[in-house]
Structures are given as structure tokens and as C-alpha cells.
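S.K.: For the sequence shown, position 441 (counting from the first letter as 1) is numbered 450 according to my numbering, and the numbering increases by one without interruption.
No lab work stands behind these hints: they were computed from the structure.
Glycine included, every Cβ here is placed at the ideal spot set by N, Cα and C.
Be aware that one or more of the hints could be misleading.
[Said to hold, decoys possible] Using C-beta positions, here's what the derived DEER-type ranges look like: (1) K499 to D250: 52 to 62 Å; (2) K477 to L119: 38 to 48 Å; (3) T208 to Q70: 21 to 31 Å; (4) R296 to Q70: 53 to 63 Å.
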Amino acid sequence: MSATVSSAEKRIVSSCLLSPTAYNIPLFVRFAEGLNIPKMYNLLTRYVEQFDLFRTTYQIQSEIYKRTGDEAPTIEVRTFGQLDKERLISEQLITVRDRALVRILICRVLDEPADYLFINAHHVLLDGFSMNLFLQELTEAYLSGEAAESQLHPPVLEVDGPDSEEPASIISFGSYAPFKSRLLARQCNEVHYLNDRFTLEPGYVRRHSDFAVALTAFSLSLASLLHSGTVYLAYPYLGRDPRNYRALGNFVQLIPFALQLEEELETGTDQLIAGIQARIFSGFAGRDHYGELIRTEPMSSMNIFRDIIFDYKSGSLIAKKLNEAHGIELEEAAGYQDEKYGLHFSVYKSGEDWEISVISSEYRLEDLQTLQSLFRSNLRSLYASAGGGLRVGDLVSLTSREEEPPSAEDSLQAQGGEIYSQIAEIVSGLLGETDVQADVSFFDLGMDSLLLVKLKKRIREAFNINLKISDFFNFHTAGLLAGKIKDHLKEAN
């Protein structure tokens, strides 16, 4: 049976063509008292047979098609002397072209009293909140021993209302180019994974949501690191209305966010947080932010959805202790390496405890450590000063002027150079464009995910260098890409 593919699904599938094992959600559930394996196996079988979502696959040709098959995913039972989680994850990674987009293993472990349930699902099917809902209900059913009717359900589709006025612009991209130039100046070919834990002293007055405070702290930290008067990033919002609160599916969208700080240095931090909180709440209207921006902004601005991602979760929303009395606890797979964003800064808050996880494929370790330290310091300062007395300028120091973004001429030094000519010829052949100008984005010329994979291959063949997919987003014109390749060739020599 075929089904309609949503625009959000198409975006994820297209991204997966560039990074095949991205968008996995591998999770371990630890059962401290061990598992009744037949009981858990029967429960899981009931769920995967009941919900079409677990039998959904995608076929990618010139178009993307979604199919629901009759065959449920296999539930595997394996015995381990010692559970090597990282190895198990690497064996069970999913690509969007696979016949099954959910992997389930019941793990009997001999060298410890606990057993584990391992589930890996592709993000095109489920978001983290759906996974948590599913695991909470599964745990309750397992402990109760009753085959109660599931309270989960498929998504309730939105019904388009009458046409209304075009919504107001989400953010202004007027300062995006200088901000992007500062990011590019910091980038390097390094991959880093950092984790940090800390506890805030109890007793702080809560005047605003923890998310608003954390987003403010991160924005100020990023501005300080880059010495930038403007910050651009995106953050995921679950975006669920009450009808879909207990639905299994993927409802996540990235919300673009920009903050101008040059005129706010004398503003009180409480006032700044209040304004950011109001903007967060205004994003609850269920707008298609990506769809709106792609109609009104150049494709180069869409980098906001992959450059810097601030990902906040709380224990009240995503529960890690599924049943404390029986020692049933959710463990995120720390060994999974997903580098689809330039910088993915994740925050998990439970009570006064904070966990920070950073995945970066484009920045130096020293810069990431500085960003973590700034965030921790700014977060404490914002909570401690709730009620007034602290100015924005007390936490962030900016340079007097913005740097100008590099032009294609600066990157290449000569637009008519041999490297530029080769790139223009390759792009022309892929897109059918007779004239590929140095300062026109490949994406504005019609470059899509399938063609981008081909471009990466042709560049490797022509120059004997293996660029990352992210390089083609950051250096998205023939002039910028020529400068990037020229730098690579200089380093190689």
C-alpha cells in the first residue's frame, strides 16, 4: 500500500542521501531486574503488528514513494557474555533505503543481572517524543501483565483551512552573511564529541521557562565566542497539537532563530529572556518554517537549518527513568555518531542536573570547550540574577564592527582561474546551465540532493580530494568552492 509523502519526510529522506546513516534513533532500555523474554517478545510483536508505521519503507527513484508492507520487522533475541553497545549500534544502523526502518533486539546479558532492550528507529518514522511515549506504554504493559488496549494512535492529519493572509516574516537575514563569514573563519576539518554534566545550586527563582533561559545563555555564549553582534541558529520544536499528543510519528520541525545584540547591551537580561520566551511561544502556531523561508529567501540562507542546532530536552518531556521502582531506565546511545549538523549542542535537564552533549564536524576542540564553559557560566549567571540587576553587556563582549563576508573573488583571487573553470564545467554538465557564475549558489541553480552526491563524486575525481557534504553547503558557489579546493591543494603540497 502506498501513501502520501509529506514535505517534512521528503526533506529528511533527501538529507539521508547525503549522509546515509544519519537520522537514526538508537536507544537502550536497561531492565535492572532482568527480562521475562517471552513476555517482552509477545508485547513487542503485538505493537509492530498493530501499527502500520513499523512496517513503513521508502522507495527513492526520480520521486520518493512511501509503502506500508505486510511483513513486520524482525524481533531478534540474542545472548551476550558482555554487551558491547557501540559495536551493537554499528551493526544495527539503518539507512533510509533499507527494507526495515526499525530494528529491535532483546539482549540477555550473562555478566550482569540486568538485561537490555535495544531499539533503533529511523527519524523519518518517529521523533524522540514518540519513542519515549512508546517505551513508557511498553514498560507499563510489561509490568502490569495485562494486554490493555494501546492509548497510542497514528497521526491525525491536518486539514487545510481557508486561505489566510501571508504570515509575517519569521526572522530577518540582513546580518546573516557577516555571521556566516565568522562561522567559516572558525571551521576546520575536525570531528569532536564532548559531554559535560553539572548541577545548579537549588533555590534559584524561576521567572521564565528553563528553555528560554537556556536558549538565551547559548545565544550569548555563541555571540561571545564569535565576537558577533548577531546570532543565527535553529532549534527543534515538537509542534504537537492536543489531537496528536499521543500519536506515533515524526512531528519535529526546526525553528529558525536570530538574535541582534548590538543594541541590547544595556538591556537587562530578564527583559531579553522575556522577549525570547515570547518568540518561542509565538512559534507554537504550527507554521512550516522551512517551507516559508525557502519561498522567500535564497537557498544559501537555508544553511541556518544545518549550521548551529540548539537541542533542549527536559526530564518532564522525555523521561529517562521509565520505572524507578523496578530499575527500568532509558539510555541514549552515546556511541552513535551522527554528523549531519555543523554543530549540534544538546541540553538535557532533569531537576537541577544538566547534561550537555556536543557533536561537531566543523569546529576546533578548543572552541567547543570554550563554548561549553561560556554556556555553563552564562546559565548560572542568568538564574542567579533573576529579578534584575544584570545587563546583557555584562555577559557578552562584541567587537566594534562586523567582518565583511568573503566574496567569490577573495576566495579564488581570480574568477577565471583553472579551478573555477573546472568546477563551472562540472556544475554546468550536471545542471544543464551554460553559464555558471562565480557568485550564484548551486542550490539557486537547481542543485538537489541526488545531484549534490554526483557533484561530490565529480569533484573528487577531478581534484583528488574528498570534501565533506557540509563543504558544499558552506561553499555553495563556484567561486567559494574554488577557494576551498585551492586551500586543500595548498595544504596537500
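S.K.: Against this structure, judge whether each hint is valid.
M.R.: Status of each hint after checking the structure:
{"no.": "1", "hint": "K499 to D250: 52 to 62 Å", "verdict": "holds (54 Å)"}
{"no.": "2", "hint": "K477 to L119: 38 to 48 Å", "verdict": "holds (41 Å)"}
{"no.": "3", "hint": "T208 to Q70: 21 to 31 Å", "verdict": "violated (52 Å)"}
{"no.": "4", "hint": "R296 to Q70: 53 to 63 Å", "verdict": "violated (31 Å)"}
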